[in-house]
Amino acid sequence: MLWNMILMSLREIKRNVMRSFLTILGIVIGVGAVITMVTIGGGATAQVSEQIASMGSNLLMVTPGKRLGPGQSSDTVLFKVSDGEAILRDISSIAAVAPVSSKSLQAVYGNENWSTQVTGSDNQYFRVTNRSIRTGRQFSDSELRGGAAVCVVGETVRKKLFGGQESFWGNIRLEKLSCQVIGILEAKGQNTMGMDQDDIVVIPLRTYQRRISGNQDVALFQVSVQQGASTDKAQQDIHRLMRERRHLSPSDDDNFNVMDMKEIAKMLTGTTQLLTALLSAVAAVSLLVGGIGIMNIMLVSVTERTREIGIRLAIGALEREVLMQFLVEAVVLSSFGGLVGIALATAASFGLARLMQVPYLFNLTINVLSFLFSAAIGVIFGYFPARRAARLDPIDALRHE
Amino acid sequence: MRTGDDHQINSETEQHLIELRGVTKVYGEGYASMQALRGIDLLIDEGEFVAIMGPSGSGKSTCMNILGCLDTPTAGTYTFKDVEVNQLTRNQCALLRRHYQGFVFQGYNLLNRTSALENVELPLIYRGAPAHERRERALKALETVGLKGWESHTPGELSGGQQQRVAIARAIITGPAVLLADEPTGNLDTARRREIMELLASLNHNHGITIIIITHERDMAAYASRVVHFLDGLVESDERDRKVK
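Just so you know, the protein sequences line up as chains E and Z, in that order. Each residue of the first sequence is one higher than the one before, starting from 0 at the first, in numbering that gives the first Met the number 0. Each residue of the second sequence is one higher than the one before, starting from 0 at the first, in numbering that gives the first Met the number 0.
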């Protein structure tokens with residue numbers, strides 16, 4: 000019986016190809032959009048986590064305040080250089096600690112100027128962040144100690160300021176600080192968030208504190224754990240050490256954070272996921288609109304086929320069977336829309352993934368879910384017209400022209 | 000109400016296929032109401048070929064609708080095969096139609112753009128018959144009505160007479176106890192009318208199907224073994240045991 004009804008509805012759909020296509024268009028677009036959003040979002044999330052993980056599982060970041068990012072309270076107790084020194088000295092499994100303070104500034108050379116990230120740190124910074132110097136040299140000890148006006152620039156900054164010159168050892172100006180270029184970094188490309196990692200100028204931390212920030216604070220520490228040593232253990236050790244140094248009693252909350260790359264990844268992907276969820280919700284609304292389209296056409300169909308319904312009722316079709324027939328038709332239509340939507344989404348997300356250079360990850364759950372959802376829309380929005388058909392009076396229906 | 004009493008009195012030995020007792024039908028309410036049937040008593044036995052005649056508005060079609068369980072009487076009782084139809088739900092009525100009744104309409108009422116074979120198969124689909132059985136029986140029914148070779152034609156490709164034959168094949172495919180035909184020849188020319196009436200007569204004669212038709216014309220009614228005349232919602236005359244032409 001069910002099979003017969005599916006065959007009947009397929010024939011009915013075939014008779015009105017154009018109308019059926021327009022009817023399911025809403026569902027197609029809805030399903031397509033939802034799946035594409037989720038797939039691309041999933042790809043982007045996976046890419047972020049993967050890239051962060053590839054930065055090294057042995058990296059830790061120590062930040063003041065309760066959490067990284069915006070929303071830090073102003074009364075946050077900042078770090079001093081000595082905190083970093085203590086970490087390196089007291090915890091045996093630590094390979095390197097780089098103090099990092101940075102600020103966005105205009106770098107000026109001649110007529111060229113370029114807004115870039117100026118970072119105050121030391122030579123450990125290159126080691127911890129996996130950068131190497133292409134040409135030139137690192138900071139010397141005396142430069143670090145004395146807060147000399149020297150800098151190491153990234154590839155992007157070099158290109159913007161010096162153009163064709165592969166190396167340049169003159170002075171550039173950072174705000175009021177004029178400093179001499181002593182090294183140029185190896186190009187690193189974009190990072191996970193699409194930020195240019197070569198858009199950077201590194202100066203000695205002391206220089207930064209004296210000439211730019213005007214205080215003795217350090218914004219954060221980047222810590223690399225020795226190969227083979229446990230990152231978790233190091234994380235705990237730093238945590239304990241920092242609590243001690245900050246004189247926190249057991250009842251006090253932490254006023255700093257020690258994060259490993261997994262946590263940072265989670266934090267960064269959280270934004271992507273939220274965005275994905277929002278966009279998917281918008282797309283889901285179009286599914287609803289698609290459902291209303293189906294209901295509309297089914298109502299038209301019932302009116303058009305009143306006579307047919309009368310015939311069926313007269314030869315002994317039960318109310319329930321007429322109801323089922325129209326319901327099946329609505330479900331077949333909407334499921335078909337779901338399938339077309341899935342096909343469309345696969346093509347679209349594959350293309351988009353290549354365009355946006357994120358990996359294409361087939362998400363089985365969302366595909367199955369979208370399909371079931373589109374079928375459910377058929378049931379929900381097909382029910383009302385189907386019931387109307389089933390309740391027709393056979394005599395009236397037969398007289399209907 | 001006199002209906003109840005009548006029913007009590009009438010406990011004859013023979014069981015009738017169809018028994019209408021004091022059936023009335025009123026459409027509308029109050030001043031606008033119209034009495035289509037004013038108290039009909041009609042007994043029809045198995046194997047009869049009954050023609051119902053009468054002018055427009057005499058209540059023939061209303062009576063037919065009641066016989067086909069498509070409509071319910073305002074008062075009175077309708078008993079079909081010992082089942083009191085008044086008491087049945089809408090679905091039970093549908094089942095009764097499905098299993099015991101075949102319908103033929105003046106306007107054929109076939110499904111458009113659907114082949115003759117599939118039109119004939121339709122009632123069997125609702126009976127849940129398997130595909131091969133449906134096909135077999137539909138082919139046989141089409142052969143019975145003389146449409147062998149026309150199975151794949153759609154109603155649009157068939158003449159009126161042929162369409163009515165398809166409709167008759169559809170009505171008899173389930174082997175109904177009664178075939179109800181509401182002016183089956185109304186839309187046809189004289190020659191086709193004869194053919195259809197002869198077909199109905201032969202179904203009655205050779206297959207023993209009880210047939211009730213509504214017709215306007217004496218020569219069509221002449222094929223029946225019994226003619227019931229309606230006038231103003233009442234049975235005016237009932238001529239039984241006529242010679243079959």
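By construction, these hints were calculated from the structure, which means they are not laboratory data. Don't take each hint at face value.
Said to hold, decoys possible - A few chain Z residues facing chain E, derived, Cβ under 8 Å:
1) P122
2) K147
3) E182
Claimed, not checked - Output of the computed footprint for chain Z on chain E, the stretches with three or more beta carbons under 8 Å from beta carbons of chain Z:
4) 0-14
5) 28-37
6) 301-310
7) 391-399
Every residue gets a Cβ at the ideal spot worked out from N, C-alpha and C, and that includes glycine.
Here is how each hint holds up against the structure:
The criterion of a C-beta within 8 Å of any C-beta in chain E is met by P122 of chain Z, whose closest approach is roughly 5 Å, and the hint holds. Given hint, K147 of chain Z at the interface with chain E, is violated; its Cβ is 23 Å from that chain's nearest Cβ, farther than 8 Å. Because the smallest distance between the Cβ of E182 of chain Z and any Cβ of chain E comes to about 13 Å, over 8 Å, the interface hint for this residue is violated. Chain Z is given as covering the stretch 0-14 of chain E, and this holds because 3 residues of the stretch bring a CB closer than 8 Å to a CB of that chain, at least three being needed.
For the stretch 28-37 of chain E, the stated coverage by chain Z is violated: 0 residues have a C-beta nearer than 8 Å to a C-beta of that chain, whereas at least 3 were required. Interface restraint, the stretch 301-310 of chain E with chain Z: holds (4 residues with C-beta to C-beta distance below 8 Å; minimum three). Only when three residues or more bring their CB closer than 8 Å to a CB of chain Z does the claim for the stretch 391-399 of chain E stand; here the count is 3, and the claim holds.
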